[in-house]
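Engineer: Sequence order for the protein chains is A and B. Be aware that the first sequence starts at 8, since it is given in our numbering, and climbs by one per residue. Be aware that the second sequence starts at 566, since it is given in our numbering, and climbs by one per residue.
One or more of the hints may lead you astray.
To be verified - List of simulated lysine-lysine pairs, DSSO-like, C-alpha gap at most 30 Å:
1. A/Lys84 - B/Lys736
2. A/Lys28 - B/Lys686
3. B/Lys795 - A/Lys28
4. A/Lys28 - B/Lys603
5. B/Lys885 - B/Lys603
6. B/Lys736 - A/Lys28
7. B/Lys599 - B/Lys645
8. B/Lys795 - A/Lys84
9. B/Lys599 - B/Lys795
10. B/Lys795 - B/Lys645
As the list claims (entries may be wrong) - Here are the simulated distance ranges between beta carbons:
11. A/Arg62 - B/Val875: 38 to 44 Å
12. B/Thr849 - A/Asp47: 21 to 27 Å
13. A/Arg46 - B/Arg873: 42 to 48 Å
14. B/Pro814 - A/Leu101: 47 to 53 Å
15. B/Ala864 - A/Leu25: 55 to 61 Å
16. A/Glu96 - B/Phe818: 35 to 41 Å
17. A/His88 - B/Leu889: 51 to 57 Å
18. A/Arg62 - B/Phe818: 19 to 25 Å
Worth flagging that the hints you see were computed from the coordinates, not collected in a lab. Ideal Cβ positions, reconstructed from N, Cα and C, are used throughout, including at glycine.
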Amino acid sequence: MTEDWVLYEVFIRSRSGLEHKHVGSLHAADARMALEHARDTYTRRQEGVSIWVVRSSDIVASDPQEAEALFDPARDKVYRHPTFYAIPEDVKNL
Amino acid sequence: MYTQALDSPAESAGTSDEPERLERFQARIDRDEKIEPKDWMPEAYRQALIRQIAQHAHSEIVGMLPEGNWITRAPSLRRKAVLIAKVQDEGGHGMYLYSAAETLGVSRGQLIAQLLAGRAKYSSIFNYPTLSWADIGAIGWLVDGAAIMNQIPLCRCSYGPYARAMVRICKEESFHQRQGFEIMLTLARGSDAQRAMAQDALRRWWWPSLMMFGPSDAHSVHTAQSMRWKIKRFSNDELRQRFIDVTVPQAEFLGLSVPDPALHWDEATRHYQPGPIDWSELQTVLKGEGPCNHERLEARRAAHEAGRWVREAAAAYAQKHRGLEHGADAS
C-alpha cells in the first residue's frame with residue numbers, strides 16, 4: 008500500500024455574498040488536484056461558486072480541553088448584548 | 566447509499582477508561598451534544614464508529630459495481646446519464662464516509678487495504694448479481710430505499726463528522742430511489758415482457774433488501790450499546806418494519822407482487838406482517854459465499870492495481886514541483 012496523499016480540508020462558498028464554509032476533507036497529491044477532487048466530490052449539484060482547499064496539517068485548532076478557559080470569560084459579560092439595557096418603551100429608534 | 570447490519574462494538578464499552586470520564590461522556594450524548602474529533606471519547610466508541618463508518622464507506626464503493634455493470638447497456642441516453650450520475654454519487658458518498666472515518670485516527674490507506682484484503686465488511690446486498698435492466702430499477706427503489714430508512718436516523722447520530730456526512734448523503738439519496746421507482750414504473754406500464762422483467766427483479770431483490778437491516782433484534786448483540794451511544798437510533802426490526810410498511814403499497818401501485826405469500830396487513834398492529842426471513846441465506850452471503858462476493862473484491866483489486874501508475878505518476882509530479890518550489894525559495 009503506497010502512502011496516502013496529503014489530506015486537505017475543503018471550504019465552499021455556496022453563492023457569492025456568503026462566506027466559505029467547511030464541508031469535509033479529501034486526499035490529493037497537490038493543491039491543484041485537491042481543487043479538482045473537491046469540485047467532483049463536493050459540488051456535483053452546483054453547491055458552490057468558489058472552493059478553498061487547505062492542507063489539514065496547516066490548520067491550527069483550539070483544544071477542546073481548553074474550551075472553558077477560552078470561552079467562559081465571555082459568559083458573564085452580558086452587557087455586550089443590546090438586550091442588557093432597559094430602555095423605556097416610549098423611546099423610539101434605539 | 567448503503568448501510569446494513571450495523572453490528573458494532575466488539576469489546577464492551579470502556580474497560581480501560583475511568584468511570585467518571587465515561588459518565589461525563591455519556592451525559593453529553595444523553596443531552597444530544599455532538600462529539601467532535603478532538604473531544605475525548607472512550608476507545609470502544611471510537612472503534613465501534615470506525616468499524617461502522619468504514620463498513621458503510623466500503624458499501625458505497627462496492628455498491629458502484631452492480632450498477633456500473635449496466636452503464637454501457639442502459640436503454641437510453643437519459644437512463645445512461647442518470648445511472649452515471651448515480652454511480653458517481655455512490656463514489657462520492659464513499660469519499661465523505663472515508664473522510665469521516667479518518668477523523669477518528671485511522672488512515673484511508675489502512676481502510677482500503679482492509680477492504681482489498683477481504684478483511685472488511687460491506688453490505689451483503691452487493692454480492693447479488695444484476696441480471697437485467699429491471700435490477701437497476703429494483704436497486705434504486707428497494708436497496709436505496711432501505712438504505713435511506715437506515716440513514717435518515719443517522720443524520721442525528723452522536724458523532725459530528727458522521728452525522729454531517731449522512732446529511733449530505735441523504736440529500737443526494739432521494740434522487741436515487743426515485744429514479745429506481747421510475748424505471749420500475751416504466752417497465753410495469755410496458756409490455757408483458759417488461760412487466761415480467763420488473764416482477765422478476767422484485768422477486769430477487771425483496772428478501773435481500775429486507776436483510777439489509779441486519780439480524781432481528783433478538784439476535785443483534787450490539788444494538789443496546791450502539792443505541793446508548795446514539796450511533797444507531799432505531800433497532801433493526803423497527804427500521805425493517807418501516808421499510809415494509811412504506812414499500813408494500815408502492816409495489817401494489819406498480820401492480821407487482823412481493824414474493825412473500827405470508828405477507829398481510831395486520832389491522833391490530835396497523836403494520837404489514839411479513840413471513841419469516843430465511844436468515845441462513847444472509848449468513849451464507851456474509852460468510853463470503855454469495856453469488857458475487859469473489860467477483861466484487863476481484864473488481865476492486867483490479868481497479869486498485871490498474872490505477873496504481875496514475876497514483877504514482879501524480880505523486881511523482883507533485884514531488885517534482887515541490888522540489889522546484891523549494892529550489893526557487895532558496896535562490
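Engineer: Now tell me, hint by hint, if it's right for this structure.
Structural biologist: For each hint, the structure was consulted:
1. In summary, the hint linking A/Lys84 to B/Lys736 is not supported, as the alpha carbons are separated by about 40 Å, beyond the 30 Å threshold.
2. Proposed proximity of A/Lys28 and B/Lys686 is contradicted: the alpha carbons are some 33 Å apart, above 30 Å.
3. In summary, the hint linking B/Lys795 to A/Lys28 is supported, as the alpha carbons are separated by about 26 Å, within the 30 Å threshold.
4. Between the alpha carbons of A/Lys28 and B/Lys603 the distance comes to roughly 19 Å, so the proposed pair stays at or under 30 Å and holds.
5. A hinted pair counts as satisfied when its Cα atoms are at most 30 Å apart, and B/Lys885 with B/Lys603 does not qualify at roughly 34 Å.
6. The straight-line distance between the Cα atoms of B/Lys736 and A/Lys28 is roughly 18 Å, inside the 30 Å bound, and the hint therefore holds.
7. At most 30 Å may separate the alpha-carbon atoms for a hinted pair to count; B/Lys599 and B/Lys645 exceed this at roughly 40 Å.
8. As the CA atoms of B/Lys795 and A/Lys84 are separated by approximately 35 Å, the hinted pair breaks the 30 Å bound.
9. The straight-line distance between the Cα atoms of B/Lys599 and B/Lys795 is roughly 10 Å, inside the 30 Å bound, and the hint therefore holds.
10. With a C-alpha separation of about 39 Å, the suggested pair B/Lys795 and B/Lys645 falls outside the 30 Å cut-off, and the hint is violated.
11. Here the CB-CB span from A/Arg62 to B/Val875 is close to 22 Å, at odds with the stated 38 to 44 Å.
12. Checked against the hint of 21 to 27 Å, the C-beta distance between B/Thr849 and A/Asp47 comes to roughly 37 Å, which is inconsistent with it.
13. At about 24 Å, the CB distance of A/Arg46 to B/Arg873 disagrees with the hint of 42 to 48 Å.
14. B/Pro814 and A/Leu101 have their C-beta atoms about 59 Å apart, which leaves the hinted 47 to 53 Å range violated.
15. Between B/Ala864 and A/Leu25, the C-beta spacing of about 41 Å breaks the proposed range 55 to 61 Å.
16. Look at A/Glu96 against B/Phe818: about 59 Å separates their beta carbons, and that is not inside 35 to 41 Å.
17. Range check, A/His88 to B/Leu889: Cβ separation about 53 Å, and the 51 to 57 Å hint holds.
18. The beta-carbon spacing between A/Arg62 and B/Phe818, approximately 51 Å, falls outside the hinted interval of 19 to 25 Å.
Checked against the numbered hints given earlier, the structure breaks hints 1, 2, 5, 7, 8, 10, 11, 12, 13, 14, 15, 16 and 18 and satisfies all the rest.
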